[in-house]
Every structure is written in structure tokens, then in C-alpha cells.
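Chain A is fixed; fit chain B onto it per the hints.
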Amino acid sequence: MYTEKVMDHFSNPRNVGEIENADGVGEVGNASCGDIMKIFLKVEDNIIKDVKFKTFGCGAAIATSSMVTEMAIGKTLDEAMELTNAAVADALDGLPANKMHCSNLAADALHEAIKNYKEKQGAG
Amino acid sequence: MKQIYMDYNATTPLRPEVLEAMLPFYREHFGNPSSVHWAGRMVSGAVEKAREQVARLINASPAEIVFTSCGSEGDNLALKGTVEALKDKGNHIITTAVEHPAVLNTCEFLEKNGCEVTYLPVDAEGMIDLAQLEAAITEKTILISAMWGNNETGTIFPIKEIGAIARKYKVRFHTDAVQAVGKLPVDVQKAGVDLLVISGHKIGAPKGVGAIYIRRGARMVPLIHGGHQERNRRAGTHNVAGIVGLGLACELAGRHLEENAARLKALRDKLERGIVERIPEVKVNGHPTRRLPNTLNVSFAYIEGESLLLNFDMKGVAASSGSACTSGSLEPSHVMGAMGVDIALAHSSTRFSLGPDSSEEDVDYILEILPPIVARLREMSPLYPGNK
Numbered sequence: 001m002y003t004e005k006v007m008d009h010f011s012n013p014r015n016v017g018e019i020e021n022a023d024g025v026g027e028v029g030n031a032s033c034g035d036i037m038k039i040f041l042k043v044e045d046n047i048i049k050d051v052k053f054k055t056f057g058c059g060a061a062i063a064t065s066s067m068v069t070e071m072a073i074g075k076t077l078d079e080a081m082e083l084t085n086a087a088v089a090d091a092l093d094g095l096p097a098n099k100m101h102c103s104n105l106a107a108d109a110l111h112e113a114i115k116n117y118k119e120k121q122g123a124g
Numbered sequence: 001m002k003q004i005y006m007d008y009n010a011t012t013p014l015r016p017e018v019l020e021a022m023l024p025f026y027r028e029h030f031g032n033p034s035s036v037h038w039a040g041r042m043v044s045g046a047v048e049k050a051r052e053q054v055a056r057l058i059n060a061s062p063a064e065i066v067f068t069s070c071g072s073e074g075d076n077l078a079l080k081g082t083v084e085a086l087k088d089k090g091n092h093i094i095t096t097a098v099e100h101p102a103v104l105n106t107c108e109f110l111e112k113n114g115c116e117v118t119y120l121p122v123d124a125e126g127m128i129d130l131a132q133l134e135a136a137i138t139e140k141t142i143l144i145s146a147m148w149g150n151n152e153t154g155t156i157f158p159i160k161e162i163g164a165i166a167r168k169y170k171v172r173f174h175t176d177a178v179q180a181v182g183k184l185p186v187d188v189q190k191a192g193v194d195l196l197v198i199s200g201h202k203i204g205a206p207k208g209v210g211a212i213y214i215r216r217g218a219r220m221v222p223l224i225h226g227g228h229q230e231r232n233r234r235a236g237t238h239n240v241a242g243i244v245g246l247g248l249a250c251e252l253a254g255r256h257l258e259e260n261a262a263r264l265k266a267l268r269d270k271l272e273r274g275i276v277e278r279i280p281e282v283k284v285n286g287h288p289t290r291r292l293p294n295t296l297n298v299s300f301a302y303i304e305g306e307s308l309l310l311n312f313d314m315k316g317v318a319a320s321s322g323s324a325c326t327s328g329s330l331e332p333s334h335v336m337g338a339m340g341v342d343i344a345l346a347h348s349s350t351r352f353s354l355g356p357d358s359s360e361e362d363v364d365y366i367l368e369i370l371p372p373i374v375a376r377l378r379e380m381s382p383l384y385p386g387n388k
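Chains A and B, in that order, are what the protein sequence lines are.
Residue numbers for the first sequence follow the numbering used here, beginning at 1 and rising by one.
Residue numbers for the second sequence follow the numbering used here, beginning at 1 and rising by one.
Just chain A, same shape as in the assembly (with noise of 0.2 Å):
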């Protein structure tokens, strides 16, 4: 079902745990359709420098936050803010159809807590 990638991040994913202080905390997703993903970002001169997850899902659902935290980590804010669900998978080789919509939503975490350091920035 899930490729070897996938399974690879499931059962070693990359940078679980939280930030104390982060510059940036997204979370998308709630308990009722079974995937909530909580990203948590340290920003240095637009650059994001540390990226953590946690998340509550499937194997899809913890593969892409793992992944995701992979591909953001030195990217600038713009550039992360450019990358997609669907590019997440792709890295992934690819997810089974059906959980395209209902667990691939670390890009959105991701967006969620950029936009979160942002919102403070300004309030700052």
C-alpha cells in the first residue's frame, strides 16, 4: 500500500517534537476525520532553521509531516510557503488515492506556521 519511502519516514520520521518558543506554530486537521499535524518553526533572517511535528494519523499522515519537515528546513519563508501537499508526496513516491486529501496536510501545517510567525512579526 504504502511505498518504501513512506514506510521509511513512517518508522523513522525526521525531527518529531517541539520547539520551546518557536517562531511559528501551525496545526491543521481535527480528530473527527482522524489527522491533526501541529508544526512548530525556528526563523533566522527569513530562513527557516529548525522545523518539528507532531502529529496525530495514519502512516500517510506521519510520512508527509516527517517529510515535509525534510524539505522546509532552510528554505526561505517564500520558498517554503511555495511547496505543495502534492509535492510532498511526490517525494514520497507517491501516496495510495485515498489518502491524498484526507492525510496529506503537512504542507498546510507548514503554510499555517509561516503565517502564524508572520501574523507575529507584525503584531511584534
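Please note: incorrect hints may appear among the correct ones.
Computed list of lysine to aspartate or glutamate pairs in EDC-like fashion (alpha-carbon distance at most 20 Å, straight line) [what the hints assert, rightly or not]: (1) Lys-270(B) / Glu-360(B); (2) Lys-75(A) / Asp-50(A); (3) Lys-5(A) / Asp-313(B); (4) Lys-118(A) / Asp-23(A); (5) Lys-52(A) / Asp-23(A); (6) Lys-315(B) / Asp-8(A); (7) Lys-52(A) / Glu-379(B); (8) Lys-168(B) / Glu-111(B); (9) Lys-118(A) / Asp-93(A); (10) Lys-5(A) / Asp-93(A); (11) Lys-207(B) / Glu-17(B); (12) Lys-315(B) / Glu-4(A).
It should be emphasised that the hints constitute simulated quantities derived from the structure, not laboratory data.
Showing chain B alone in chain A's frame:
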């Protein structure tokens, strides 16, 4: 890697002696049992022997057994065949919210075709209320359909009491007994059922064969029209080898049934106790005592079922989940929903169903690997308060 199968409610392995009994009917005994010549006669006796074996297991008469292709076909025949046969009497069916999709989706189809269906709710333990059942009966009610044992939680309905209510109001009573036959003593006379469905692959027979008990005199319109097989109740050339296998599987299931059930219950209870003792914040779903002896359904708070199953699979354990992700739909188990289980807990429901090959060592192994898997997934979960 160790391989442990804990999904016997999904399907069971073909028993070796059943396979042995079937092989001659693929090799040399190829005749059509409806044929009058030697080749047919050689086979028709085997079909009738199987009919007796199935009937004996549920205390029916052989003439009341009709062979089908599976449990779903039996349920479809019970519901659609009754509605068609009794349409002059009424169009109302009473069923329960926790039936197998073979019943629920058939009811939905019948509703679109003019039937009225009452879906009885269940309580937090998955049990129906008999007073509600009785109150739901109207002059138009022709059928009550209530499963014997639930496939997800194992909750056992009060079949005898439902049968008595059905008799009192002269309403036909169908039970999907796919999960109960071979695990519990099933007696159609004592239970007062009119229609009872059996699936072969749940009891060590092959996939693709089943049976339905139709009480003598109960009018039924067949689902499959064609030849005169099965006394005109189910057309189609017999799946002879499958039927032979089903017959033997029923005979074997009947031997030492209660001892086998007691052994499985002891193992299941050990697994249940071990999980509850070792892992905090778990919820056992289903009735605490009125439950199939082999079935344990547990929700692990803060984690999702498919993730748990994938981790199990990596350790060689095959179990099942009520998680939406594993069912192909996006909704978590309708059974958990009907029981009022919190939606996040419903996503984490995990079913262990034990069978003849389950052992003490299997249970010990699961109890060893489960706590770290749950702990790891909880560490990753934004819902887990321990992380905050």
C-alpha cells in the same frame, strides 16, 4: 520474524483436514451433483453429507440448509428474499445500528425501494434495548434482523429474547451468525430464529462458500434465479469442493466447541488484562461479559489505529482497526459511532481476534511489543497531554 495472526474475525486459515477433504472434488470427483449419471451421483452424496454436517452444528434439519457463496449473499437473501416474499404483509424491517455492512447496505437498498427500516440504537457496550425493539414493531413489520455476535466488538445480542419477541408478534427473525457459529453453541430451535447466516471462511472452510438456514415453511424469493438447485431457493451449480469443506469445518467446529471457546476466552482475557495493566488510558470496547470469547477491541487514547497496525505489522502481528484509514472510507467505525465512543478513540480502536492457532506465547509477545509502540506514537501525538 515471528508472525502472529490475531485477525480471525476477518478470516481464518483453511484447516488442513478440510483442504484434504476438498481435494478429491477438484481432482477426480468432478461431476455436477444435479446430474443423474454416475459422475453426478458420486458428488451429490457429498453435498448432502455436508448439508447434514452444517445442520447438525446449529440443530437444524438438513432440508433447511441452503448453500450460498458467502455470508453477504446469505444476508442479502434473508432480507431481500423476505421482503419480496412477504410484501403482501408489510414493508417494515427492524435492524440494529451495528450490523455488518452486508445487512446495513442491503437495508439501505431496500429503503430506496419502498421499505421502511428502523435502526435500533445500542448503548455504550453495544447492546440493544429489548423494550425499544418491542416498541418498534408495527403492523407492517415483517422482519427483525439482529446479528448474533458483533464482528468488531464481539458483543453478543440476546438472541433468544429477540426470538421470543419475534414469535410473540409473528415477525420473521433473521440473524447474521457469521461470527458466532463455531465460537458459541448455536441452536436455531432454542434461539427461535427463522433465518441464520453462516460464512465458511470464518470457521476454517475456504472463502467463497456459506450457508443460510431457512426455517421450514418460511417463504423466500430467491436472489439468484436459474436452475432448480437447492430446492429452487438458490440457483447455480454447486461449489461442491467448497460445500464439502464447509460441511467438514462445521463438524470440526462442533467438536470440543465449549472447551475451545473457554481456552480462547482465557487467552483473550489475559491479553485484555495485560493491556489494561501495562498501558494507561485505554478503553475496552464492547460488552464486558456478553462478548464473543475470542474478541478484544481496545482504543488507545491519543493515537490513530492505522499507525498502530503498521507498527504491529512491522513486528509481525496482524490485527485490525476501526480506523477510517484502514476501511477505505473516511468515517471511523459505524459500530464505535453507534456506541457513542469519542471520535478520536474510535479512530484508535484496535481489534484482536483470536483463533485455534493463538497461543499463550502470542499473547506474551503482543504484551511485550505493545507498550513501547503506544508510548512512541503518543510521544508523537499533539493530543497527548503528557507532551504538554
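Starting from the hint list further up, note which numbers the structure goes against and sort them upward.
8 and 9
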